[in-house]
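Enquirer: So you can see what is in the structure, the chains are spelled out below.
2 protein chains.
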Amino acid sequence: MKQIAILGSTGSIGQSTLSIIRKYPERFRVASLAAGRNTDAAFEQCVEWRPQVMSVATEELASSLASRLKAAGVTGIEVVHGTEGTVKVATLRCTDFVVSAIVGVAGLEATYAAVQAGKPVGLANKEAMVAAGEILTAAARAKNVPLLPIDSEHNAIHQCMRAGEKREIRRLWLTASGGPFRNLPLREFDNITVAQALKHPTWVMGRRITIDSATLLNKGLEIIEACRLFDLPPNAIKVTVHPQSTVHSLVEYIDGSILAQISVTDMRLPILYALSYPERVESDLTFDIASLGQLNFEPPDFERFPCLRLAYEAAEKGGAHPIALNAADEVAVEAFLDGKIPFTAIPRTIESVLQATPETHPATIAEVLALDREARQAAANEARRFAQHASTAR
Amino acid sequence: MKQIAILGSTGSIGQSTLSIIRKYPERFRVASLAAGRNTDAAFEQCVEWRPQVMSVATEELASSLASRLKAAGVTGIEVVHGTEGTVKVATLRCTDFVVSAIVGVAGLEATYAAVQAGKPVGLANKEAMVAAGEILTAAARAKNVPLLPIDSEHNAIHQCMRAGEKREIRRLWLTASGGPFRNLPLREFDNITVAQALKHPTWVMGRRITIDSATLLNKGLEIIEACRLFDLPPNAIKVTVHPQSTVHSLVEYIDGSILAQISVTDMRLPILYALSYPERVESDLTFDIASLGQLNFEPPDFERFPCLRLAYEAAEKGGAHPIALNAADEVAVEAFLDGKIPFTAIPRTIESVLQATPETHPATIAEVLALDREARQAAANEARRFAQHASTAR
Numbered sequence: 001m002k003q004i005a006i007l008g009s010t011g012s013i014g015q016s017t018l019s020i021i022r023k024y025p026e027r028f029r030v031a032s033l034a035a036g037r038n039t040d041a042a043f044e045q046c047v048e049w050r051p052q053v054m055s056v057a058t059e060e061l062a063s064s065l066a067s068r069l070k071a072a073g074v075t076g077i078e079v080v081h082g083t084e085g086t087v088k089v090a091t092l093r094c095t096d097f098v099v100s101a102i103v104g105v106a107g108l109e110a111t112y113a114a115v116q117a118g119k120p121v122g123l124a125n126k127e128a129m130v131a132a133g134e135i136l137t138a139a140a141r142a143k144n145v146p147l148l149p150i151d152s153e154h155n156a157i158h159q160c161m162r163a164g165e166k167r168e169i170r171r172l173w174l175t176a177s178g179g180p181f182r183n184l185p186l187r188e189f190d191n192i193t194v195a196q197a198l199k200h201p202t203w204v205m206g207r208r209i210t211i212d213s214a215t216l217l218n219k220g221l222e223i224i225e226a227c228r229l230f231d232l233p234p235n236a237i238k239v240t241v242h243p244q245s246t247v248h249s250l251v252e253y254i255d256g257s258i259l260a261q262i263s264v265t266d267m268r269l270p271i272l273y274a275l276s277y278p279e280r281v282e283s284d285l286t287f288d289i290a291s292l293g294q295l296n297f298e299p300p301d302f303e304r305f306p307c308l309r310l311a312y313e314a315a316e317k318g319g320a321h322p323i324a325l326n327a328a329d330e331v332a333v334e335a336f337l338d339g340k341i342p343f344t345a346i347p348r349t350i351e352s353v354l355q356a357t358p359e360t361h362p363a364t365i366a367e368v369l370a371l372d373r374e375a376r377q378a379a380a381n382e383a384r385r386f387a388q389h390a391s392t393a394r
Numbered sequence: 001m002k003q004i005a006i007l008g009s010t011g012s013i014g015q016s017t018l019s020i021i022r023k024y025p026e027r028f029r030v031a032s033l034a035a036g037r038n039t040d041a042a043f044e045q046c047v048e049w050r051p052q053v054m055s056v057a058t059e060e061l062a063s064s065l066a067s068r069l070k071a072a073g074v075t076g077i078e079v080v081h082g083t084e085g086t087v088k089v090a091t092l093r094c095t096d097f098v099v100s101a102i103v104g105v106a107g108l109e110a111t112y113a114a115v116q117a118g119k120p121v122g123l124a125n126k127e128a129m130v131a132a133g134e135i136l137t138a139a140a141r142a143k144n145v146p147l148l149p150i151d152s153e154h155n156a157i158h159q160c161m162r163a164g165e166k167r168e169i170r171r172l173w174l175t176a177s178g179g180p181f182r183n184l185p186l187r188e189f190d191n192i193t194v195a196q197a198l199k200h201p202t203w204v205m206g207r208r209i210t211i212d213s214a215t216l217l218n219k220g221l222e223i224i225e226a227c228r229l230f231d232l233p234p235n236a237i238k239v240t241v242h243p244q245s246t247v248h249s250l251v252e253y254i255d256g257s258i259l260a261q262i263s264v265t266d267m268r269l270p271i272l273y274a275l276s277y278p279e280r281v282e283s284d285l286t287f288d289i290a291s292l293g294q295l296n297f298e299p300p301d302f303e304r305f306p307c308l309r310l311a312y313e314a315a316e317k318g319g320a321h322p323i324a325l326n327a328a329d330e331v332a333v334e335a336f337l338d339g340k341i342p343f344t345a346i347p348r349t350i351e352s353v354l355q356a357t358p359e360t361h362p363a364t365i366a367e368v369l370a371l372d373r374e375a376r377q378a379a380a381n382e383a384r385r386f387a388q389h390a391s392t393a394r
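These protein sequence lines map, in sequence, to chains A and B. If you count by our numbering, then the first sequence holds residues 1 to 394, one letter each, in order. If you count by our numbering, then the second sequence holds residues 1 to 394, one letter each, in order.
In case anyone wonders, no lab produced these hints; they're calculated from the structure. Any given hint might turn out to be false.
Identical chains blur together in the list; that is why a pair holds if it fits in one copy or across any two.
In silico DSS-like cross-links for lysine-lysine, where the CA-CA straight-line distance does not exceed 25 angstroms [to be verified]:
1. 317 - 23
2. 2 - 166
3. 166 - 23
4. 143 - 2
5. 70 - 166
6. 166 - 317
Using the sequences and the accompanying hints, generate a full structural model.
Expert: Written as structure tokens, this is what we have:
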């Protein structure tokens, strides 16, 4: 029986993780949960799962949740809050496995604490690996704890890497759906609307990640994540555009063999894989090969998707640069979603911020967070500049 | 340094194996060779490779080769002949690895002898596994020697199986190019000419295997081979028609993940894999993912390709049935290539022979060979019947 802690239990990955735990009660049990501001969902999770500890965003939310639980006669759950609370959830002694699914850099400290406490971590929080990958992987190596990717691409690579040794890998191939603008001519990129950008062809996801899929910055973050997670240089990570999103990624070995992983597009599969690793567990997440139909692969267009190039550059420099890439993108996407800057100003904002980013390598999570704040500030200034420019142009 | 013995050194797989050994002189060396009737090629191989032992088909050919070598001043090579000679090549003490590439059941005794002598075997001889798979795998298990498949499909499966445990496999998917008649309407099958059947869309191969690819009997043999090699029941082996022959086969795990192997269509790759296993060795047999283009997968048509059904039935019954399937097919294909029977009489011949095949399980290679001879006789009779029928119909 594995005791699971979930950081980000009310989010999409958190809920999918709970659906897996619900399905395999003989294998997994909820140890503790960290939610955010959604105390209604947190309350319901407390009722259903009876975690040892439940963390929410603020002290106020925590005391309101605690009263509600008391009124409902639900006892024995310690309600905590804030970063300290999340860290507590991540490091509880009885926990065997931590699912890190708090979006953005917010989950960083708790994820680091889990690794330091020797807990195997399932990483659904891409930004953690992008911003603090060097620190996290060094800690994981020192503590000899596995970091298991919970996203379809890196999970696919993790599976394909089992067919050989790390030194036998020539390169990794991340598949990209190509997003909604795969076939849009470059000259029309300036006129992309928010509604157009939010229509992802194959996955239903949050707003930021959907825009990141449209700019391919999402794939850029995955390039950096792959470098850190699998300890490979950026030029060993390639991207291939595969609109069907059926092949989740590939590993090319030095002998010329390429291993690919194929499955349904359902996050419960990488979650189940991470929770049960090194075992595999029977599931009904079946993919029908007979219906595989047609698969296409084509090289990505670096001209229409400059975010890819920016990501490679940030990966190459390391240190503060991936942090700035991620932070600047989050700010720029926000500005785009608010209708303040055009789609093409997203990569431009990121590029400006990267150019001003110092060549430093943070040694602690606190330094990572400080660099993240600086980059956000710089990005906000840049985005304002592009917004003024856009409104002047109108 | 691995000392390699090659059974069938002048054939296509034998020559490809030698080209691999030529390329990696620091890793592999020729221990001994078994050729057949092509003593010109055998002579040249003796000159280039200086094997400890060279075996040819008959005593006459052996003495002629020995004289020729003596005249050329090539000394130190023991020239032997016949089954006994091939067995000697397969079991030489200094040999670390045996490539079994004699087509048909001819290589069976030597392959079995190699396993009995504790030599790891690279199996390019599909018929050996079909006719005597139960005996060969039992011996390999008893001696704890690996049997490594040297054909693109089973080699792909061997690679994909490394991503999990055997008990975690739900089923295997063998890819089939579908042959030249993939899209031919059933009513036109009676009029298929030899020339049409010899045109294989993706692989250049020998005549029998090309016809077997057109009837899909080849895939049927591979189903049986997979059952034996990977110790799985016939209903766990599926076929998917994949005209591009780029994905060489797939393994579906119980969690819903499917691993696929992709590479160039070049037999040197599975040969290199088998020779260097468990290591992988750098090669220039590179497949360009960017040029992967379009891949198609569709279910096979059991009505137009009855050989598939016959193979599943033979696999299910085991024992004498796979032997009869293989033997009857070889005879029927020969009759088709000689213009004696129509294309559609190939499966009919096999079916008649299978219906008359006894439900026995041979315990020795000698019994396998006896059953093989009986099935050939029965198939010759059946083919004659179809030939008369065809000439009467004209």
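Enquirer: A separate judgement is required for each hint: does it hold in the structure or not?
Expert: The hints, checked one at a time:
For the homomeric pair residue 317 and residue 23, neither the shortest alpha-carbon distance inside one copy (43 angstroms) nor that between copies (38 angstroms) is at most 25 angstroms. Taking the shortest alpha-carbon separations for residue 2 and residue 166, only the inter-copy value of 23 angstroms comes in at or below 25 angstroms, while the best intra-copy value is 28 angstroms. Only between protomers do residue 166 and residue 23 lie at most 25 angstroms apart by alpha-carbon distance; the minimum there is 23 angstroms, versus 34 angstroms within a single protomer. Taking identical chains as interchangeable, the C-alpha atoms of residue 143 and residue 2 lie at most 25 angstroms apart only when both belong to the same chain, with a minimum of 19 angstroms there against 39 angstroms between chains.
Proximity of residue 70 to residue 166 under the C-alpha cut-off of 25 angstroms is found in neither arrangement, the shortest distances being 52 angstroms within a copy and 50 angstroms between copies. For the identical chains of this complex, residue 166 and residue 317 are intra-copy neighbours only, at 23 angstroms inside a copy versus 42 angstroms across copies, given an alpha-carbon limit of 25 angstroms.
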